Amino acid sequence: MSLARLALAKGLARHIRAGHPWVFRRAIERPPKLPAGSVVDLTENGKFVARAYYDPHSHICARILTLDPKERIDAAFFQRRLGDALALRRSFLDLRDTDSFRLVHGEADGLPGVVVDLYADFAVLKLYSAGLTAFRPLIVEVLPATVGHLRGIVGRDEMNGEKANAQSAPAGKLWGEVPPERLLIRERGVVFWVDVCRGQKTGFFLDQRDNRALIRQLARDKQVLNCFAYSGGFSVNAALGGAAAVCSIDSDAEAIALAEENVRANGLDPKHHRFLVDDVFDLLAAFKQEGRSFDLVILDPPAFAKSQRTVERAIAGYASLNRQALAVLRPGGLLATASCSARVTPEAFTGAIREAAFNSGIELMLLEERYQPPDHPIRLHFPEGRYLKFFVLRRV
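The sequence shown runs -4 to 391 under the working numbering.
Worth flagging that the hints you see were computed from the coordinates, not collected in a lab.
None of these values were measured; they are calculated from a predicted model.
Certain hints may be false.
[What the hints assert, rightly or not] In the BS3-like style, the derived pairs of lysine-lysine whose C-alpha atoms are separated by at most 27 Å in a straight line are:
no.: 1; residue 1: K5; residue 2: K28
no.: 2; residue 1: K28; residue 2: K42
no.: 3; residue 1: K283; residue 2: K266
no.: 4; residue 1: K5; residue 2: K42
no.: 5; residue 1: K196; residue 2: K301
no.: 6; residue 1: K42; residue 2: K65
no.: 7; residue 1: K65; residue 2: K28
no.: 8; residue 1: K168; residue 2: K196
no.: 9; residue 1: K65; residue 2: K5
Taking the hints into account, I'd like the entire structure generated from these sequences.
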């Protein structure tokens, strides 16, 4: 097997051998003119360092697939990676009353840029690099045999750049049956309707599974406000946990409609819940002016920092949002606040909350500090993979 060889800038090889899976264009001495998806060997001083796939459309031009010079990138390679990922999930997740989880979490599972989420009998495949389009057929080929019970595979690619987007697969069937407009999934005994073709990300935020269960424990007899509610994951769990009342806010009318459906699907009466289609910032300000307050406020906003340039503005945004939430939180109440921005560190997020509390003249006590669940693992030499932060604080 003769592959193109790319010489690395001096000193980079040690980071790759330690486990970092990305190579930026500036780290290649002479970036070649190769098509997206070309398998290349990265070298230092003429010696093999790693095997990767190439993406000329991204500033991350090479992503590492293996450090073994004898390992071929073929169907058997993807089957091994998928099999290892499934074995890890079966070892760490309690799947007795849960049928949906992340099977492949990109770089952490040795398949950089690849995400596979399982929703009952359907898999959603999401590719984040044009360099992966050549491998899509191989992944689709081995996925059913690996999982063993799939009815269909849905494609949901997400790539940057016009040329990259031109190679993206449209949302829809890649294999097997066309998924229904709504799939009913189970998560720790709770059921949810999920739109795997049009819903955000792959249809549901599977990474908040443990935190939704925590809210179920904390919500008894509380007046709950769920901001950025999406399809009502936290709201349903709060209601099942015995909340006195739940108010759900999202700017997406379709998401709020789905939240109402999910309340009904769990045998809960939507009359005891309030669903509002509105801007969270505007509504929090209105609640403050009206003198409304809550015992538990949940903040799970979309990523505020999508590039390094926006980090400072994102931290300010988190501080502002949490300050507004504290203004409607009763003394002794709980604030459950999240950030899914990888570029915002846990320390920076904590600092934003601390600033919000200081500017509000409120003292907070940190009760829970959580990160990603085991089906969203983090490789220690890839800190960019650490993105989810979920804190529960009590207003003293």
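Does the alpha-carbon distance linking K65 and K5 stay inside the 27 Å limit?
holds (24 Å)
Has the given pair, K5 with K28, been kept, meaning a C-alpha gap of at most 27 Å?
Answer holds: K5 to K28 is near 21 Å, not above 27 Å.
Take a quick look at whether K283 and K266 sit within 27 Å of each other, Cα to Cα.
Holds, at about 24 Å.
Straight-line alpha-carbon gap K5 to K42, limit 27 Å:
Judged against 27 Å, a Cα distance of about 12 Å means the pair holds.
Hint check: K168 vs K196, CA-CA at most 27 Å. Holds or violated?
With Cα atoms ~16 Å apart, K168 and K196 stay inside 27 Å; holds.
Are the Cα atoms of K42 and K65 separated by 27 Å or less?
holds (14 Å)
Restraint check for K196 with K301, where alpha carbons must lie at most 27 Å apart
The hint holds at about 14 Å.
Just to be careful, I want the Cα atoms of K28 and K42 compared with a cutoff of 27 Å; is the pair within it?
Roughly 21 Å between the alpha carbons, so the hint for K28 and K42 holds.
Going straight from one Cα to the other, do K65 and K28 come out at no more than 27 Å?
Holds - the C-alpha atoms of K28 and K65 are around 25 Å apart, at most 27 Å.
Figure legend: structure checked against the earlier numbered hints; every hint is met.
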